[in-house]
Amino acid sequence: MILRLAVVALLAFMTLPTVVVIAVSFNPTAILSFPPAGLSLRWYANALTYPQFQRAAVNSLVVTAGAVLLALPIGTAAALALERGRLRAPGAWATVLLSPLVVPGVAAGLGFLIVAASLGLLQSRAVLVAAHVALVLPFVVRSVWVSVTNLDPALERAAASLGATPARVFVRVTLPLLRPGLFAALLFAVVVSVNEFVVSLFISTRVNEILPVAMFTYVVNYTDPTIAALSTLFIVATFLVMWLVDRVVDLSAVFLHHR
Amino acid sequence: MRLLLAPAVGVVAVFAAALAALLQYSVLEFIPGSLRTGGFTLANFRGVIAPRYLDHVWDTALLSAATTVLALVASYPIAYALARTPSHRIRSWLLVLTLAPFFTGAIVRTYAWMLVLGNTVVTWPVPMLFTERGVLVGLVHFSMPTMILLLAAAISHVDVFWRVTLPLSMPGVVAGSLIVFAWTFSAFPTPELLGGGKVKMIANVVKDLALDSFNWPGAAAFAMLALAVTLALLAGLGRLAAGRAP
Chain A
9 MILRLAVVAL LAFMTLPTVV VIAVSFNPTA ILSFPPAGLS LRWYANALTY
59 PQFQRAAVNS LVVTAGAVLL ALPIGTAAAL ALERGRLRAP GAWATVLLSP
109 LVVPGVAAGL GFLIVAASLG LLQSRAVLVA AHVALVLPFV VRSVWVSVTN
159 LDPALERAAA SLGATPARVF VRVTLPLLRP GLFAALLFAV VVSVNEFVVS
209 LFISTRVNEI LPVAMFTYVV NYTDPTIAAL STLFIVATFL VMWLVDRVVD
259 LSAVFLHHR
Chain B
2 MRLLLAPAVG VVAVFAAALA ALLQYSVLEF IPGSLRTGGF TLANFRGVIA
52 PRYLDHVWDT ALLSAATTVL ALVASYPIAY ALARTPSHRI RSWLLVLTLA
102 PFFTGAIVRT YAWMLVLGNT VVTWPVPMLF TERGVLVGLV HFSMPTMILL
152 LAAAISHVDV FWRVTLPLSM PGVVAGSLIV FAWTFSAFPT PELLGGGKVK
202 MIANVVKDLA LDSFNWPGAA AFAMLALAVT LALLAGLGRL AAGRAP
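Read top to bottom, the protein sequences are chains A and B. Taking the working numbering, the leading residue of the first sequence gets 9, the next gets one more, and so forth. Taking the working numbering, the leading residue of the second sequence gets 2, the next gets one more, and so forth.
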């Protein structure tokens, strides 16, 4: 009973900020109040029409699409190699591939900034895409790896023994069987890339900055609820994605699965 | 089959190249007013322990330690419920609620805490926003999803809490603590926005030096410190895990 109360209280602590953001986003005035004095959508309108956010949204779209389209095949290939490549030390290779996760954002960000400056790429989105690929790759590898582990090689052998070429086996048997892992990988990669902030801050200018960086600048300079509105849109999108992932793959398999 | 690993290794190599550039800059001389650098020097690392910055390094260590302890205490009940609930529905909900902040993004979460800690919701008896207290609350909240997941993975299915479950979950406690400490040690958005320039941790010093003063070598030295602490803690974690494996 005490445990149950503690869990509820702690979950309330975890969700409290989210609830406040959503409530404040409907605030009718620029002066924040909670609960809001009325209901208004003006901050949503402001968020969606602010030119720098529109520019940043386009950048986010390009960077995330580029990073995900690169990371998905690269990570899938790596997951297959880790499980079936008869590597001498698969655990060590996995550690290498997952290592970008543990590097402090400011270290990676400053490193990429130095490289970008020396290559004259400070205003380009290419460096952002490169950094994002490395940052989402661990999530892709892990999600697909879970699916590869559950894949029965007998099904592929059956297809091969019935005369399918290796390419055909891969496209018609292997890939469809990996679909849950691939789908989870896609959604995680999108969510992680869309929300990436620290590394992106270092390699962004006003020209190529992505949405979280633009939102950070706005928060530093203005106090009205525009960011609350934009945050609410992010939160709703994230919940939808999480719910979708949980329907397709068991989230506990990805996150509580220790191997 | 092994060749399939090559593209991924290439991606990590690009990442490693960025870190190599960071290491290189951390030992190059800063020329004020220029992005060009001079020759080899250790002056940047002397800057890390300069009286001017030592406070921030000390604050970083203190806040990281406090965050680790509080996150551990606050996460254990949720992790316990997550690992032990017989209902698949409840586990799904706990997991979604746990992971949602993890995936909501640093800016959204930190902005939310700015609203809560500023006197929007309640009037706090003591100032919270732009103080170390406020930063600590934000850091604990930020660390909880990670801590919960690591603890839940380690909590066993045996039903005797003090004698069995807690000792058996020690690997999770150690792993969670080390990882949360390491993460907090290099935390950026939380102290940046909740500290409002009054509370600075190492990552904020890196940003100030790199993006405001254009002192990349000086910033690189601080970033190397954050990186070194993180890697040392994780290496310790790896050794502990290896020592325990059968």
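In case anyone wonders, no lab produced these hints; they're calculated from the structure. If you're wondering where the values come from, they're calculated on a predicted model, not measured in any experiment. Note that beta-carbon positions come from the ideal geometry of N, C-alpha and C, so glycine has one too. A couple of the hints might just be wrong.
Coverage of chain B stretches by chain A, computed from C-beta distances (three or more under 8 Å per stretch; other residues unrestricted) [what the hints assert, rightly or not]: (1) 3-9; (2) 12-24; (3) 38-52; (4) 56-63; (5) 114-122; (6) 128-137; (7) 225-237.
Hints breached by this structure: Numbers 3, 4, 6 - these are the hints that the structure violates, sorted from lowest upward.
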